[in-house]
Amino acid sequence: MRVFVATLILLCGTIGVAFSAPDPNLQKEIDALKAQIQQMTERLRDLEQKLAEQEAQPPAPVAPVTNLPQISVVANGGALFQDRKRDDSRNRFEQDELELAFQSYVYPSIRFDTIIAFDKEEDFSASVEEAYATIIQLGNTPLGARLGRMRLPFGRVNPIHPHQLLTRDHPLPIVNLLGEHGAVSNGGFVSYLLPSNRLYAELRLGLYTLNDHAALGVPHDPTLEDYGAGGRLLRMARLTLAPVINPDNELEFGLSGATTRALNGDNLRVLGVDFQYRRFFGAAQRLLVSGEWLQNRRESGGTGVNRDGYYLLLSYKPDRYWEYGVRYDWSKRAFLRPADDVTGSDKALSAILTYRLNEQSFLRLQWRNLKPADDDVRNELMFQLMFGFGPHSHPLESTQ
Amino acid sequence: MRYVLTVLTLLATLPAVAQVRVVATFTDLADIVRQIGGNRVQVSSLARPQDDFHFVTPRPSMALELSRAKLFVRVGMDLDLWADDLLSAARNSYILRGAPGYVDCSVRVKKLEVPTTRVDPSMGDIHIYGNPHYLFDPANAKLAGREVLEGLKRVDPAHSSEYEQRYSAFVQRLDEHLKRWQERMAPYRGKPVVVYHKSLPYFLQRFGLQEVATVEPKPGIPPSPGYLREVIARMKSANCHVILLEHFRPRRFADAIARETGAKVVVLPAAVGAEGTTDYFSMIDAMVNRVADALAGR
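Chains as they are written, first to last, in the working numbering: chain A, 1 to 400; chain B, 401 to 698.
Bound-form chain B, shown alone (with noise of 0.2 angstroms):
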C-alpha cells in the first residue's frame, strides 16, 4: 500500500498535461499565446515587458529557448527583425520561416502607414511593411489570436478543438470588452493627442482621435528644440492638451511640450507586465482609462 501511495504521490507531481513550449518575441503576443493554448502550452516572450520594441538585444539564453520551442510566434513586420538572428543561432528547423512551428501574426491584419514611395533612413526608422503596432487595436488581437490558433493546430493537432473553444472564448471576451473600451471612449471621438512616436495609428483609428503631431519628427529621431516648438504651436492650434507616450519612452521631451501648452503626459503600458497590467485585457483595459481620463480633464 505504501509503495501505491508513493507512486501515485510521484505521479501526482509529474506535469498533468504534455505542455507545447511557445516562444513569442513580445509579452503581449504571449499572452494571446497563453489565452487561447490554456495550460496546454508553456509559453514564454524573448522581450522584457521594459524593452523597446525595436532595440532588444539577442543573447544565448533567448536562443537557448528557441532551440527548445515547438512554435515561435512573432509580430512580423520588420518589428522582431532582431529575432532572425536568434532562429539561426537556435538550431531549431521546426520554427524557421515557412516550417509548421512558425507564426507570423501580422498576416491577416490590415495594415496602416504602407509606404508607397521609396524607403530610406532620411524617413527615419521606416518599417517597409507598414506600421507593426496592430496589437494595441484590441479587434486585431483576434486576428493574431486566429493564426496563433492555426500554428497550435498544426504542432499540436490532437488538441485542436480545445484550441478552437479557448480561441471562441477569447474572441467572446474581446467582443464584450471591446463593446465596453468603445463606450468609455466614446464621448472623446475626434479629439486631438499627440504621440511620441508612430506607434499608436491602430489604437488610434480604433477609437476616433486625431493625431495631431508626433514627439518625434521622424520614427526614431530624437526632436530639435526647434522642432519641439513646431510641435507647442501645433497643439495650441489644435487645442490638445494630451501628450501620449509609451512606458519605455523618455519622458524628457513630453515634459518639456507640457510645461509649455499645460498639456498632461499620459504614460501608456505598451507590453503585457509594464505598469502593473497582469494580461492583455488589463493593458487595453489601462490604456483605455488613462487616455480617456486625461480627455476628460481628470
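This is chain A alone, in the form it adopts within the complex (with noise of 0.2 angstroms):
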C-alpha cells in the first residue's frame, strides 16, 4: 500500500511538472512565428508602398513636350465720359493698348521677358514696351541684374504696365514729372539684397539712355526735344526696404533717384520716396494704403527749379472679386522754360470700383475730379476693360 501511495504521490508529481512548465519548443515556435509576421507585414508594407507610386506614375502627357515659352496676351481698353465738351477724347470708347508677351528661362537662372505693344498713341504699330534678360542670382553672391529695355524700376507705379495698376489712369505725379505714360528706357541695374532675417533691403544701381525725349516730364512735342534727355544717360539708384511685421501686414518703403542732362546742357534730377502698407485678412481680403512723392528738378544757368507732386491711395477689397479705391492726387507741372511754365497746381480726386472676373481679367469704373491748373474742372467717367489669356507674370515689385 505504501509502496503504491509514494507511486501515485510521485505519478501526479511528474504529470504536474510536465503540464506546469512550458514547452520550451513551443515558445521558439511561437517567437518564431511572431517574427515572420512581422517580417510579412512590413514586407507588405513595402509591396503596398511600391505599388502605390507604380500606379502613381503620371499620365502620358496629353500634349507634346514643347519648349515654347509662356505666351499670354493682355488687351486693355474701355471709355471716356467727361462734362468738358471741348475735348476731342470725350464720350468715346477706345481700345488703349494690346500687349504680347513672350517670357521663358533661357538658363537655369537667367530669365527672358519680351512685351510687345501696340499702342493707340503709336496708331497700334508694334513696338517693344520691354525686353530684358533677368539675372537671378550672380554667381553666389547676393547680387542680381536686368538687362535691356525695361519700364524704369523708379518709384512704385512706374514700373508697372497700366494693366496692373489699381486704377484706370496714372496718378498726376508720375505724368508731370516722370513721363506721360511713364519712363521707359534701355539700360540696366545691378541689385543687392542685403543679407537680413527681418528686413528686405533691395538696393539697385542702374544706368540707361533715355529711349525718347519725352521723359522726366517733358511732354510729347518734338518743339520741345531739346528740353529732353533722348539719347543720353541717366543714372538711376533705388532703394526698397520692407521690414518684416507678420503674415497678415506687409510695409514697403522706397527711395528712388535718377540725374541726367537734357539735351540743351540742363541738368534734371528726380527723386522719389513711396511707401505700400498692406493688411491681409482673410482669404483674398486686403487692405492697401500706398503713396508716392516726387520731385523733379532742371538746373539751368547755375539756377534750379524744383517741381514737386504726391499721390494717395486708399484700396480696399472684401473678396476675390470686387476692389473699392480712392486716390488723391497732388502735383506741380515740371519746369521746361518760363515763357509757357504753369506755376499752379492740378489736383484730382478719384473713386475706384473694380470687379475681377478671374486673375487676368477685370472690368473697372473710375470717376475723376480734374482741377487743372490752366484749365476748368471737369468730372470724367472712365471705364476700362481689361482681359488677358495665358500664363502672364510680372516682377514683385508689380504686385499688389
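These are calculated hints, taken from the structure and not from any lab test.
Be a bit skeptical, because a hint or two may be false.
[Claimed, not checked] Capping the alpha-carbon separation at 25 angstroms, the derived lysine to any residue pairs in SDA-like fashion look like this:
(1) B:K598 <-> A:F102
(2) A:K50 <-> B:P557
(3) B:K618 <-> A:N358
Hints are included, so try docking the two chains, each in its own frame, into the full complex.
Written out as C-alpha cells, the structure is:
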C-alpha cells in the first residue's frame, strides 16, 4: 500500500511538472512565427508602397512636350465720358493697348521677358515696350541684374504696366514729373539683396539711355525735344525696404533717384519717396494704403527749379471679386522754360470700383474730378475693360 | 569654474543642431516637411492657413524667406504658380527649378481631372496638369512625403538615415490613420455630396463619395441664381443632404442652397492651422469626422 501511495504521488508530481512547465520548443515556435508575421507585415507595407508608387506614375502628357515660352495676350481698353465739351477724347470707346508677352527661362538662372505693345498713340503699330534678361543670382552672391529695355524701376507706379495698376489712369505726379506714360529706357541695373532676417532691403543701381526725349516731365512735342534727355545717359538708384512684421501685415518703403542731362545742357534730377502698407485679412481680403512723392528739378545756368507732387491711394478688397479705391493726386508740372511755365498745381480726386472676373481679367469704373492748374474743372468717368489669357507674370514689385 | 559654467550656459542656449531652412508653399505641406525633418529642419509656409490656395499675394517678406532657404517645397501642378515670381526675386539659385533645393511634390501623384482637350478660360480656372488638390487624399501625402524625403537627403545627406526613419514612421502613422478613417467613412460609400469648388476629387475618391454638383458652375466662376436652381434640383433628385466647402470660401451661396434643400453645410479645414487643426493628421481627422457626422445626419 505504501509503495502504491508513493508511486501515485510520484506520478502525480511528474504529470504536474510536465503540465505546469512551458515547453521551450513551443515558445520558440511562437517567437519564430511572430517574427515571420512581423517580417511579412513589413514586406507587405513595402510592396503596397511600391505598388502605390508604380500606380502613381503621371499619365501620358496630353500634348507633346515643347520648349515654347510662356505666351500671353493682354488687351486693355475702355471709354472716357466727361463734362468738358471741347475735349476730343470725350465720350469715346477706345482700345488703349494690346500687350503680347513671351516669357521664359533661357538659362538655369536667367529669365528673358519680351513685351510687345500695340499702343493707340502709335496707331497700333507694334513696338517693344520691354525686352530684358533677368539674372536671378550672380554666382553665389546676393547680387542680381537686369539688362535690356524696361520701364524704369523708379518709384512704385512707374515700373508697373498700365493693366496692372489699381486705377484706370496714372497718378498726376507720374504724368507731370516722370512722363505721360512713365519712363521707359534701355540699360540695366545691378541689385543687391541685403542678407538680413528681419528686413527685406534691396538696392538697385542702374545706368540707362532714355529712349526718347518725352520723359522726366517733358511732353510729347517735337519743339520741346531739346528740353528732354533722349539718347543721354541716365543714372538711377533705388532702395526698397520692407521690414518683416507678420504674415498679415506688409509695409514697404522706397527711395528713388535719377539724374541726367538734357540735350540743351540743363541738369535734370528726379527724386521719389514711396510707401505701401498692406493688411491681409481673410482669404483674398486686403486693405492697401500707398503713396508716392516725387520731385523734378531742372538746373539751368546755375539756378534750379524744383517741382513736386504726390498721390495717396486707399484700396479695399473685401473678397476675390470686388475692389474699392479712392485716390487723391496733387502735382505741379515740370519746369521747362519760363515762356510756357505753369506754376499752379493740378489736383484730382478719384473713386474706383473694380470687379475681377479672374486673375487676368477685370472691369473697372473710375470717376475723376480733375482741377487742372490752367483749365476748367472737369468730371470724368472712365470705364476699363482688361482681358488677358495665357500665363503672364511681372516682377515682384508689380504685385499689389 | 565660473567661466566654465558661463561657457556651458552659453553653449546650452545655442540651437542643438544646425537646422535646414525649408520653405513650403502651403501649411499642410510645411507640416509634412516637419514630420519628416523633425528638429533637423526649420520650416515655414508662404501661404497663411486662411488664404485661398489660388490667390496668395507674393510679397517681399516671402522673398526674404526664400532667399535664406535651402529647400523649397511646392504642391506644383500650377496651384502655387504665384511662387514663381518670388523665386525670381529671392536671389537663391539653389532652390530654382532643377536645382537640388527644389521639390515639386506632385511628381509621383496619380493625377485626376487631367484635361484631355484644349483648355481655355471659357472653362473657368482650369489647371492644365490636372486637379492639384491631391493632398486631401492621405495616401498622396505618402507620395508627397517621399519627394520631401528625397529633397532633404539631397540638401542634407549627412542625416539621410534619420530622415529615412522619420519618413517610415510618418508612413506607418498614415497607414494606421488611413485604416481608421476608411472604417469611419465605410458606412457612407456611394453617398452623394455637393462641393463648392473642384477641390475635393481626391478626398471623394478615397472615401467613395459621389459628387453630384459643384456650387460654382465652373472653377472660379460664381454661380448665377439660375445655376443655383439647377444645383438645388440636382440635389433633390439625388437625395443629397450635404454641401462641402473649404474654410475660406464664402458661405452665402451654400447657405442659400441649404435653405431650399434642408442640406447641411459642412465647412472643412482645408489647411493645417485652419479651424483649430494643428497638423496634417488633425486636418484630415477633422475633414473625415465632419463629413461622416453630416452624412450620418448628426
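Structure-based check of all given hints:
Of the supplied pair hints, the one linking K598 of chain B and F102 of chain A is violated, its CA atoms being roughly 30 angstroms apart against a limit of 25 angstroms. Between K50 of chain A and P557 of chain B the CA atoms are separated by roughly 23 angstroms; this keeps the pair inside 25 angstroms, and the hint holds. Distance restraint check for K618 of chain B and N358 of chain A: the Cα-Cα separation of roughly 12 angstroms lies within the 25 angstroms cut-off, and the hinted pair is therefore satisfied.
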